[in-house]
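K.L.:
Quick one: dock chain against chain with the hints and give me the complex.
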Amino acid sequence: MSQTANVHPHTESVSGMLERFVRANRWLLAATGALMLTALGMAFLYAPREQVMGEIQRIFYFHVASAWLAMMAFLVVFVGSLLYLWKGDRRFDRWAAASAEIGVLFTTIVLVTGPLWARPVWNTWWTWDARLTSSLVLWIMYIAYLVLRGALPESRKKYQFSAVYGLVAFVDVPIVFFSIRWWRSMHPVVITGKGMNLEPEMIHTLALSCAAFTLLYFLLLRLRLMVERLRDEVQSLQRTLLELE
Amino acid sequence: MNIYLFAGYSFILVLIFGYVAFLHGKLHKLGRELDELRDRLREKARP
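Residue numbers (numbering that gives the first Met the number 0), protein chains in the order written: chain B, 0 to 244; chain Y, 0 to 46.
If you're looking for bench data, these hints aren't it; they were derived computationally from the structure. Any given hint could turn out to be false.
[Claimed, not checked] Distance condition first, Cα-Cα at most 27 Å in a straight line; then the derived DSSO-like pairs of lysine-lysine: (1) B:K86 to B:K157; (2) B:K156 to B:K86; (3) Y:K28 to Y:K43; (4) B:K157 to Y:K28; (5) Y:K25 to B:K156; (6) Y:K25 to B:K157.
[Claimed, not checked] To spell it out: a stretch of chain B is covered by chain Y in this simulated footprint if at least three of its residues, at any positions, have a beta carbon under 8 Å from a beta carbon of chain Y; those stretches are: (7) 43-55; (8) 212-226.
Owing to the predicted nature of the structure, the values given are computational and were not obtained by experimental measurement. Using N, Cα and C, we set each Cβ at its ideal position, and we do this for glycine too.
Extracted from the complex, chain Y is given alone in its bound form (with noise of 0.2 Å):
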């Protein structure tokens, strides 16, 4: 295969599921963060 058209799709592939691996930590790192605000919020209510 071309060289140069193998760098050229792996490229678009490696970028497509990079970018949805990229979005899926986010959105784990705000849950994450969501946890934790949540917790926090609890703790305030409790009297």
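Extracted from the complex, chain B is given alone in its bound form (with noise of 0.2 Å):
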């Protein structure tokens, strides 16, 4: 066997390494698809028109089930960069990295989604609301963190610094729940103390987003991780070559 293959014996193509992923998660994403199609047809088609906000309130289901895949991107943030603390491994901090990446582009939809709802209901795209500014926070503090990572040499300082960032970060996430609860709010309450203040159809179509969501979510992970552990297969081959020469 050659030196090279000694040193880095997975030389399968990324064509291969796609073509492996589709095999390997064609029920996940014939589920994902099937449900997000479903959900969407639900959205449109089964809940009802509600009274007073009219049909521009149907952009609820996908609002609220993004912000439901980013609270729980940002938590697997948490428990990864918790575990890297623990365990020193770097699989956690992949975990951590890619989670935060689709935690922070399923924050960017609830954010622009939200004040396309609040433009024709409370007549202005923005309000300084407890629920939108600690949302907003959310968001800033999670692109600090992706662009931290991307500034910091690759080293075991990085992984420790970005895990305590992370669990860090985290503190805002139960803020931008209770947001409306603690505080006065124009934000509407889904989840009360009594349950859920909506129509049976509407509760189906909310349920069935949110699955079709988290379905989406453990999809996008998979894909991002990949990316990771090639991009670690790069930096780990060009410290190969550097040490040769």
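P.N.:
Below is the structure:
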């Protein structure tokens, strides 16, 4: 066996990796696609038209599901960071990095669809309401996490620093969730102490949208983790080359 | 259809599909880098 093969035995092409990814995740892909299409259909055809807000209220199903996905993603950042600090295994840091990017993406969706909903209902795009402000702060905090990760050179120090930041940033997640209970807010409260203040058809549509977005999260996470692993492999080969030169 | 509703759902779908396309592109870019590095390593390892 050659020296190269000894140092880096994994030589599968990216196309091969993607084919293997599709084969390994075919059921997850099919279920995500089917649930997304069903949720979209239910949001427009099954859920009733809200009497006060009208048609625009239908944005609610994917707006809340995006927020749900983002919270789940940030929880994975928190758990990954905690496990990295505890075990020191780079795998957990990769989970945190991949999940933070997905969380930021879906928080962006929340922050764009929210004002699109607010404009016809509140007659303003934005207001410095507790829920809106804490969500914006959350988005900025995780963007800063990604910027910091990108700026620091690959080292154990970077992973440790990112993990500590990942733990601290998570403090804002419960603040976002409870902000509409702790402070006076214009934002609608979906889950109250007495349950959900919605028609049964609306609850079904919301539940299915959240289920579809949960599957989508796992699919995106697996794809994003492939990027992280490949990047590690590139960096490892670059180090080997430097040592040889 | 309500213009805000259309804009909202379009944005969501464009962002999700755009992100998948971005990851796909990133994977191929890293794959090319990896192939180049492997070639250079093979050359170095050649006696």
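K.L.:
Now tell me, hint by hint, if it's right for this structure.
P.N.:
Here is how each hint holds up against the structure:
no., hint, verdict
1, B:K86 to B:K157, "16 Å, holds"
2, B:K156 to B:K86, "15 Å, holds"
3, Y:K28 to Y:K43, "23 Å, holds"
4, B:K157 to Y:K28, "24 Å, holds"
5, Y:K25 to B:K156, "25 Å, holds"
6, Y:K25 to B:K157, "22 Å, holds"
7, 43-55, "holds (count 3)"
8, 212-226, "holds (count 6)"
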